[in-house]
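Quick mapping for you: the protein sequence lines, in order, are chains G and Z.
Start counting the first sequence at 1; every next residue gets the next number (my numbering).
Start counting the second sequence at 1001; every next residue gets the next number (my numbering).
Accuracy of the hints is not assured; some may be wrong.
[Said to hold, decoys possible] Residues on chain G that point at chain Z, a partial pick, calculated with CB under 7 Å:
1) Thr129
2) Pro197
3) Lys198
4) Gly233
5) Ile340
Think of the hints as simulated: they come from the structure by calculation, not from any bench.
Glycine residues also receive a C-beta, built at the ideal position from the N, C-alpha and C atoms.
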Amino acid sequence: MSEATEQEPPKKPAGRRKFELDPRLASYKGVWVFVEHERGVAHPVSWELMGEGRKLADTLGVPLAGVVMGAPGIQARRFCEDAFHYGADLCYLMEDPVMADYRNQPFTKGLTDLVNAYQPEILLLGATTLGRDLAGSVATTLQTGLTADCTELNIDLENRSLAATRPTFGGSLLCTIVTLNYRPQMATVRPRVMSMPKKDDTRSGSIIEHSLGMIETDIVTKVLEYIPDNLQGKPQLPFADIIVSGGRGMKRPENFQLIWDLAKVLGAEVGATRPVVQAGWVELDRQVGQSGKTVRPKLYIAAGISGAIQHRVGMDASDVIIAINSDPNAPIFDFATYGIVGNAMTILPALTDAFRQQLATAKVAV
Amino acid sequence: MHIVVCIKQVPDSAQIRVHPVTNTIMRQGVPAIVNPYDLFSLEAALRLKDEYGARVTVLCMGPPQAEAALRKAISFGADDAILVTDRAFAGSDTLATSFALASAIRKIQEDMPVDIVFAGKQTIDGDTAQVGPGIAKRLDLQLLTYVSSIVDLDLDKREITLHRRAEGGVQVLQTRLPCLITMLEGTNEMRFATMPNMFRAARYPLKQWDKDAAGIEDVSKIGLKGSPTIVSKVFAPQAKSQRAEIIDCESKEPKDLAVTLLTKMFTKYPNLPEEIAKVNA
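Extracted from the complex, chain Z is given alone in its bound form:
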């Protein structure tokens, strides 16, 4: 079995700061990490490898420094890693990104057919959840998003059974390979890298593919040209017309502050006590 896991290197968004004057992102010193959602998919792939035997290829599109994300994946136990990197990809939106990744997967298939593609549910920087479905559509794979567990895999029948999170419940789905799966967060825990895998990751001869190597001929489908969406404006949120009324009192004791707040609030919003009582009833 051959599994491809698509991962992305993202800035650790918890540490992103915005320049107060220019409203631009201050990237200096923000560590790059493997998109946390991708790790649930990578771990699911590695578990299938443990149980059924598989070659796991990780695929990443990004700048040359995204190599670190792929080495990380190798250290967890992935077999191969390919970085698709080209200036021509700059400015790609989700449609252009799924085009590039789908082309790369087709190229990977020339070497060995792919049975399952995994992608992250979404990224923590884009948060769109669109690239997985996009790749599936382009490669005509069965799409299985928000998967909470893989119940069964029958490689002879080429059938897979899994649980998919729906809004009000869980769908138990059965489908045929090849398919694309995005795992729900919290459904597994990434294993620790073993010492031999860490050594392997450090020495691994990473493959770097430019657009030609990834089999992309039509440059109008990638980068800014291949992106229907246009970012017309980036801005910091407006402060509300009125700032919060800061509660203060002479004693500055918590008890007095709390009472002052409630008195003020219930005078201005006389219905609120009734609302609270209703919730409590």
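Chain G on its own, in the form it takes in the complex:
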């Protein structure tokens, strides 16, 4: 991704650069997915990526591998099994007591060593706090290209390159980024952006073990303690089935109560756009969009939201989208399922009543 703001995006891929792949790198084959886990639980983004990696590997006609790194024991093996069930053909397993907790130094060395030893052409990681920390360090060490927060991954069959699409310029446009003459081609994808593949418990694969070759005294940073989050009362948007969101069109923070009212009736989570969160109307954990959470609910109700890409990429995988906006030309009507053109401040209470009645009738029917 181009970091230099003074640059307009090039009209055509930079003219005089050469794009032939270095012969040293032409032997890089296969698609890898880094299997992220913490405290004995695999992060679901790993399996979402495995599903996506499967498609890329099939298109290229190469194997799909999972990379599992952690403390020795039954758990690491279990993650390998899970990786097979979600689509991997093989797993690279690196077990070492120093990798019990995530720390940048041993994980960067471990993953870099694996890449250098087994040479994959594509390496995918989740765009989590762990994945972004690790991906940035590994890409710099390997001196290769890394595309962050992709929303779409494809293979350009002409040159077998990974075409990684992501929002750019604060989410007003999309861009497709390629890494033509460096390997591996690295990309991160945020949780919930890709759909969860079906698990197939009959699948299995082979495990290739590789050692880290580090001891605790080699590692400068120590984990003194781990304080698990208290999830009680914390919004859980990524896995919510119903979400009611508000944007700047709600006009005033007080009006946001209408969003909460509808959410309460539906048992829904409350979401918001970036400007609303920046204005402090709701907490950061509720931000839906490129710089917030990606969600895939069965029903998403967007009130006073214009539908800028920044927000759209975080929610357009929702099954049904209801949009309420006073501007008939708002982009949200280009991709919502249902639209109501009107004042959210009067439509929302009406919708709350209608849902309340419908739910009451449904209960009586049961």
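For chain G, the structure is supplied; the task is to place chain Z on it using the hints.
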């Protein structure tokens, strides 16, 4: 103690508009601001300065007009500011950017060793979160991203203890200086600029470094040449094949619109009422 804070000047993305016909960014009139995420790191650095005493140098790579971002940082209380600016940097991706900034920090070190480098968690225009980790790797600094608080700093032992946000909890980490820290958003609030600092910022003789001054000899590592990633296409998102079905009714009363919507929706998606009931159960 010497602290370097890397900042970036970015267009205020909330105000970016895309030309409807040409699909290009309309930059005219879009104000440039200090990347908001960088301010959490700058404030954290200034707090360390308040508590332990430090020289805070702000470093920015960008076009000449990015000078404004550095003056802003001086007005908040930074001591020195360096703008790394050169046509040769144009088109740099994150790998090339971290190379240039790391070279500049090495140059800064010649004057006074650096104990802590701060960078923003990510920028609001690139959103990659890659430059911080890249600089740390190149300078062999301990990398501490997503830091929510700095708990303790022992300058004699050269040890720092801090909280780092992990996916399901918080890691309490202890490491040795020198290190690179990126602060999590919302972890502090930028102070107001004082009057004397504002005057100082206006008069401050800003240092401008070109690539040579920043100690960069290998031009194949910067700009487009030094960037493995290539933007092959920039485009506006496709509208879905079908636009939203706009709900309308004769009365146009909110109540009737709501009922019409629910009737239509539950006819087309008959499982939805059950799903809603399930969430409510």
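Right, here's what the structure says about each hint:
This hint holds: Thr129 (chain G) has a C-beta 5 Å from the nearest C-beta of chain Z, less than the 7 Å allowed. Because the beta carbon of Pro197 (chain G) sits about 21 Å from the nearest beta carbon in chain Z, more than 7 Å, this interface hint is broken. A distance limit of 7 Å between C-beta atoms decides the matter here; for Lys198 (chain G) the minimum to chain Z is near 19 Å, and the interface restraint is violated. Using the Cβ-Cβ criterion of 7 Å, the hint placing Gly233 (chain G) at the interface with chain Z is not satisfied: the shortest such distance is roughly 16 Å.
Among the interface hints, the one on Ile340 (chain G) holds; its C-beta lies about 5 Å from the nearest C-beta in chain Z, closer than the 7 Å criterion.
Hint check: violations occur at hints 2, 3 and 4; the rest are consistent with the structure.
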